[in-house]
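Could you slot chains B, C and D onto chain A? The hints should help.
There are 4 protein chains.
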Amino acid sequence: MIIVMRSEATEEQVMAVDERLRALELASNISRGRERTVIGAIGDDRKVQTETLEAMAGVERVIRILKPYKIVAREWHRDDSVIQIGGVPLGGRTVQVIAGPCSVETPEQMDVSAAAVRAAGCRLMRGGAFKPRTSPYTFQGLGEKGLEYLVNAARQHGLPVVTELMDVRQLDTFMRYGVDVIQIGTRNMQNFDLLKEVGRVDRPVILKRGMAATISEWLMSAEYIAAGGNHKIIFCERGVRSFETAYRNMLDVTAVAVLKRETHLPVIIDPSHAGGKAWMVPSLARAAVAAGADGLLVEMHPCPNEAWCDADQALTPQELNTLMGELRGIAAVLGRDL
Amino acid sequence: MIIVMRSEATEEQVMAVDERLRALELASNISRGRERTVIGAIGDDRKVQTETLEAMAGVERVIRILKPYKIVAREWHRDDSVIQIGGVPLGGRTVQVIAGPCSVETPEQMDVSAAAVRAAGCRLMRGGAFKPRTSPYTFQGLGEKGLEYLVNAARQHGLPVVTELMDVRQLDTFMRYGVDVIQIGTRNMQNFDLLKEVGRVDRPVILKRGMAATISEWLMSAEYIAAGGNHKIIFCERGVRSFETAYRNMLDVTAVAVLKRETHLPVIIDPSHAGGKAWMVPSLARAAVAAGADGLLVEMHPCPNEAWCDADQALTPQELNTLMGELRGIAAVLGRDL
Amino acid sequence: MIIVMRSEATEEQVMAVDERLRALELASNISRGRERTVIGAIGDDRKVQTETLEAMAGVERVIRILKPYKIVAREWHRDDSVIQIGGVPLGGRTVQVIAGPCSVETPEQMDVSAAAVRAAGCRLMRGGAFKPRTSPYTFQGLGEKGLEYLVNAARQHGLPVVTELMDVRQLDTFMRYGVDVIQIGTRNMQNFDLLKEVGRVDRPVILKRGMAATISEWLMSAEYIAAGGNHKIIFCERGVRSFETAYRNMLDVTAVAVLKRETHLPVIIDPSHAGGKAWMVPSLARAAVAAGADGLLVEMHPCPNEAWCDADQALTPQELNTLMGELRGIAAVLGRDL
Amino acid sequence: MIIVMRSEATEEQVMAVDERLRALELASNISRGRERTVIGAIGDDRKVQTETLEAMAGVERVIRILKPYKIVAREWHRDDSVIQIGGVPLGGRTVQVIAGPCSVETPEQMDVSAAAVRAAGCRLMRGGAFKPRTSPYTFQGLGEKGLEYLVNAARQHGLPVVTELMDVRQLDTFMRYGVDVIQIGTRNMQNFDLLKEVGRVDRPVILKRGMAATISEWLMSAEYIAAGGNHKIIFCERGVRSFETAYRNMLDVTAVAVLKRETHLPVIIDPSHAGGKAWMVPSLARAAVAAGADGLLVEMHPCPNEAWCDADQALTPQELNTLMGELRGIAAVLGRDL
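Protein sequences appear in the order of chains A, B, C and D. Under the working numbering, the letters of the first sequence match residues 727 to 1064, in that order. Under the working numbering, the letters of the second sequence match residues 727 to 1064, in that order. Under the working numbering, the letters of the third sequence match residues 727 to 1064, in that order. Under the working numbering, the letters of the fourth sequence match residues 727 to 1064, in that order.
Hints are computed from structural coordinates only; laboratory data are not their basis. Just so it is clear, CB atoms sit at the ideal spot from N, CA and C, and this is done for glycine as well. Be careful, since some hints might not be right.
[To be verified] Selected chain A positions facing chain C (Cβ under 8 angstroms, derived; list incomplete):
#: 1; residue: Thr736
#: 2; residue: Leu750
#: 3; residue: Glu751
#: 4; residue: Asn755
#: 5; residue: Ser757
#: 6; residue: Glu761
#: 7; residue: Leu792
#: 8; residue: Ile797
#: 9; residue: His803
#: 10; residue: Phe865
#: 11; residue: Arg967
[To be verified] Sample of chain B residues with no beta-carbon within 10 angstroms of chain C, all distances over it, derived:
#: 12; residue: Glu801
#: 13; residue: Ala981
#: 14; residue: Arg1012
[Unchecked claim] Below, in silico cross-link-like pairs of lysine-lysine (DSS-like), each with a Cα-Cα straight-line distance of 25 angstroms or less:
#: 15; chain 1: D; residue 1: Lys922; chain 2: C; residue 2: Lys922
#: 16; chain 1: D; residue 1: Lys871; chain 2: C; residue 2: Lys922
#: 17; chain 1: B; residue 1: Lys986; chain 2: C; residue 2: Lys1003
#: 18; chain 1: D; residue 1: Lys922; chain 2: C; residue 2: Lys773
#: 19; chain 1: D; residue 1: Lys1003; chain 2: A; residue 2: Lys986
#: 20; chain 1: C; residue 1: Lys986; chain 2: B; residue 2: Lys1003
#: 21; chain 1: D; residue 1: Lys871; chain 2: C; residue 2: Lys1003
#: 22; chain 1: C; residue 1: Lys871; chain 2: D; residue 2: Lys922
#: 23; chain 1: B; residue 1: Lys1003; chain 2: B; residue 2: Lys796
#: 24; chain 1: A; residue 1: Lys986; chain 2: A; residue 2: Lys796
#: 25; chain 1: A; residue 1: Lys1003; chain 2: B; residue 2: Lys773
#: 26; chain 1: A; residue 1: Lys871; chain 2: B; residue 2: Lys922
#: 27; chain 1: B; residue 1: Lys1003; chain 2: A; residue 2: Lys922
#: 28; chain 1: B; residue 1: Lys871; chain 2: A; residue 2: Lys773
#: 29; chain 1: B; residue 1: Lys773; chain 2: A; residue 2: Lys871
#: 30; chain 1: A; residue 1: Lys1003; chain 2: D; residue 2: Lys922
#: 31; chain 1: C; residue 1: Lys796; chain 2: C; residue 2: Lys1003
#: 32; chain 1: A; residue 1: Lys773; chain 2: B; residue 2: Lys1003
#: 33; chain 1: D; residue 1: Lys773; chain 2: A; residue 2: Lys796
#: 34; chain 1: B; residue 1: Lys871; chain 2: A; residue 2: Lys922
#: 35; chain 1: A; residue 1: Lys1003; chain 2: A; residue 2: Lys796
#: 36; chain 1: D; residue 1: Lys871; chain 2: C; residue 2: Lys773
#: 37; chain 1: A; residue 1: Lys773; chain 2: A; residue 2: Lys1003
#: 38; chain 1: C; residue 1: Lys871; chain 2: D; residue 2: Lys773
#: 39; chain 1: A; residue 1: Lys1003; chain 2: D; residue 2: Lys796
#: 40; chain 1: B; residue 1: Lys796; chain 2: C; residue 2: Lys1003
One chain only, chain A, in its complex shape (with noise of 0.2 angstroms):
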């Protein structure tokens, strides 16, 4: 923690800081500048906030020098961590792409969607059973017989299932449907109290980017489950708000690369999401793979004009297909699987 002090600084409140320091059981440096003193305090000083030193008097502002997150920094695990779910790894050398529809919407439509994921060649399959939709009047999911439509679907096509948990109240049933990855939602990235919750539990978790939260708030939200105790954490990109009108979010594709060199925990992406647009989809999720994610979370409905929501950007089974084989040709040529 480097504090700098206000040109007008006096040496009494130098002193104030130092002292502030050593209580709080950290070293210091005081180097004087001919026009700013700069404190730097030597420790481990993740849990001190740096508001409590920014609102000394004589401070100008502190800057935070060593990283604040620690079990899910590749800091300190240099290697990348690879999670199996139902005998699928997720954040090796293989490439995966999870699919399904938006929602849960029947038995038949899960049967025919498991079937087309199968056969494109994915081993992972989504579906929403609860819908955090913006409007109270709009469709909010089956709920628990949405997940039931799900994991039967999923078993009868070998297919480990992601879905998606928004109450806490929630989380004994989707261990007791046998839900493989629980998937936190853009909306409740900061939902502590479910962060807290999932990280009790021995069960992977999809945890999604905020709408307009920073990578380093990101990586502090899977600090929360990983303090908990539950370790296998995979993040997911699915665009950030933006002022841009032509598509829904802007995906940000950078993030691969800054999460990669940040964490050893896996990164995808969902092109859906980002874009909001079925033609958007393909040229996004190429461009994710090529950047270096470990898997996609994508959206495919049988029928995408009758899906009961996000209709206009599910891929038809066929365009799903076309799109599986542009990117295990981008996987090669960077040495992955697909």
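Leaving out everything else, chains B, C and D in the frame of chain A:
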């Protein structure tokens, strides 16, 4: 709803949209221009998802004409709503300043705080017992103990209290302690299960704006609460995420004018979390009242630089007192009390 | 400047940075923590590019401690600067409202406008002769003819004028017509050649903030003008780009407090271009004055809905008059005139 | 154009809008719903400003249906445009990588650079002679001398050159030195006088996206150039401003898919200025080609950490070489050469 067809759309595609509208029980009006055919849907289309239509062949885009919210809309309720909080009216002629520390620390700190809040002329008190913190390693609030200290101190000084609810499982506890106003924080603005729960109780709710939520999404979150039966909703703007790094959040002062036009519900501003530094608070607080806000949510601590969190953004009792004087003057210019 | 080394940085890499600092005529202070070595550069490093150091092996990041601007910084010039514009002081006790139409249209329109500006109690007039328009197919301003109409009308009513300069080749014309204040528009905030040119003349400059410029970049653009010798610079906040679509730009009212702390130069606000709708202007204008702005730049048109551009954001003379009354009240609360 | 009336709009107000449309030589279609009356304007309304109508009494909002751009729109020119640059085609089957140093420094540096660019298999060279710098105190480029070094070195190795034009007064010099492609930088995307000037010459133009420009504004800036007669325009996405601080700009990879749909002109990506760090460049460059970009603009320096500017973002010749191999593989997957 307006459906704009692509320039190369065929007559069959236009007819298919028209048929779909009828299936949705909407009438239509087809306008054929030289470059585009445009179809207007006539009727209450609030439950129709635009994506369903956007997914149809030949459709370029779909534009919603009717506002998606209804109970909270001024269009359907012309007069300002005034919400009664333990005898204190919010949303009428009087501008209300809710003040208090970021987090509840000790009974003594709370007692001194309540006295100072009262002395400054404020009629409502705030204080955090459950704290949403970016890092799992920092102080998370006193929890239930904090509720007790807060309510005890406030009652002593005749002040109704506002405090944040983060977890659906705590709602009963909040009711049992007699929390007067439930605050939904920025990170939970789209925690729909939480919104539904507070929609079922008879208690005023302060709904903070999501970190990067549009005003329309914010109104829809309020609509979630209102749809459950609880119409006592107060909007609280607290700054949004931006590219600027000179302060914490960018206070969206324009939201006041927009909300006053769109909804009949009260609108308040939190200048403390917006700027993030105590020295910015007076300027922002004055701007808020001058813009037409119905109240403020301000952090004050008996001894800011010893605060357990957000030490750098709390006003001293002295500073709060001075600020109240300025705000009173500005309110008077607008024909209001404070 | 603080150079943070990567945790795995070698001693040779630390020494190489140290040597490079000496080559740049800076002294250094090396602090070795358990997790990181941090090197402090001592001396005036404003001309050193942080990237040069960030490119060195073993360096994690480089943090600038000294503000990169100097002439415009309050740190070096404690008192507020007051800029004289044809006898009208801007930046002192009196809040100045600069009003007038978006674009100059006809001599009659300008004469009526100037009379209305004067009647409302404003002391400075605005009007656009050269208009920056998003589309090449819309009205681009009257050009030189517009300067003539503007200056003539304003002189008649004893009002100094403000108008926008877009092209370096027009500067002589502006000087010849006796334009009192040269406005640099948002799209040209980093048109460095234009900044250098207006830095060479003896004429006050209103420097609008770039559409997504940080306050620091904005101060640096002012430093460009100041470095040329022209210190008569007025900052004008006019809203920045954001994700919100309920209005045109998001007025950054916090910028007022930040700028008043960072620079000694005057700060004004343009509420008309910020919100983009006339009905938002009074709320934003009041907020600006309450926040501590030194003035406003407001659009007024004798007959808004016949205006040749931005018809929806101009106040009527009547509305300007009413607004001036409110602003006078708020200014008085802050101990200022208007 | 669709004009949505307010719910309380009177019949007179509807008629006034209708009349105004006729005055603008547009036909109309009035649709009266239960909650809103909506008026469709029929005809080419590109020259009509929406604000004129939005300023009218009773109007809620005005929505543009037709795209405001025409010459650059794919709607009017279905086939991809291929731009010839000294015999090198940009926009067709072959993906072009334009490489070279950020700034021109010495004849030797340029000669080594050109040789390395050529050796890596690139067919076009870049280099900055006039540099837009945030600070007036840092290196501003060699100016005309730089053009000379750049052109000389590139000619020696058979490479056409790209370099940035900042000032209208330098255009003649650029033409005299035979600059092959004129680059308009991000800060000048809406410097309309500069756009008009390059619209008058017969020379390809790379138009970088403004720091926070929407894709629509960007297309309109291209339309400015095209309207002057110069249709040889190349769009270059270089990252936009965002709230994220882990890198310099957020690369908008989705812009590739959107632009390829909206315009027939070529689209390239600058991964160097986007991320701002050399280690991010390979990931972003691969993503760009995979997304479907027609080319890249990449910084390479013979010895990055001695570069006079942006030292931290340049690749070494070695790194460029390796990257080219990966890009060739990805291009092949998409059926393209490189």
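* Hinted pair lysine 871(B) and lysine 922(A), Cα distance within 25 angstroms -> 20 angstroms, holds
* **Distance restraint between lysine 922(D) and lysine 922(C), which requires alpha-carbon spacing of 25 angstroms or less** => 21 angstroms, holds
* Proposed proximity, lysine 796(A) with lysine 773(D) (alpha carbon, max 25 angstroms) -> Not satisfied, since the Cα-Cα distance of roughly 58 angstroms exceeds 25 angstroms.
* To do: Classify the hint on phenylalanine 865(A) as holds or violated, based on whether any CB of chain C lies nearer than 8 angstroms to its CB.
  => Violated, about 25 angstroms.
* To do: Quickly compare the C-alpha distance for lysine 871(D) and lysine 1003(C) to 25 angstroms and report which way the hint goes.
  => Given that 25 angstroms is the threshold and the Cα spacing comes to 49 angstroms, the pair is violated.
* Taking 25 angstroms as the top limit, are the C-alpha atoms of lysine 773(B) and lysine 871(A) close enough? -> Holds - the C-alpha atoms of lysine 871(A) and lysine 773(B) are around 22 angstroms apart, at most 25 angstroms.
* To do: With a cut-off of 25 angstroms on the C-alpha distance, tell me whether lysine 871(D) and lysine 773(C) pass.
  => Status holds; Cα separation ~22 angstroms.
* Holds or violated: lysine 773(A) with lysine 1003(B), Cα cutoff 25 angstroms? -> OK: lysine 773(A) and lysine 1003(B) at ~21 angstroms, within 25 angstroms.
* 25 angstroms limit on alpha-carbon distance, applied to hinted pair lysine 1003(B) and lysine 922(A) -> 30 angstroms, violated
* Asked: Does glutamate 801(B) really sit off the interface, with its C-beta more than 10 angstroms from all C-beta atoms of chain C?
  -> Glutamate 801(B) is indeed farther than 10 angstroms from all Cβ atoms of chain C, at 15 angstroms.
* **Interface hint compliance - glutamate 751(A) to chain C, C-beta minimum distance less than 8 angstroms** => 13 angstroms, violated
* Asked: Straight-line Cα separation of lysine 1003(A) and lysine 796(A) no greater than 25 angstroms?
  -> 37 angstroms, violated
In this structure, the hints that do not hold are numbers 1, 2, 3, 8, 9, 10, 13, 14, 18, 21, 23, 27, 30, 31, 33, 35, 37, in rising order.
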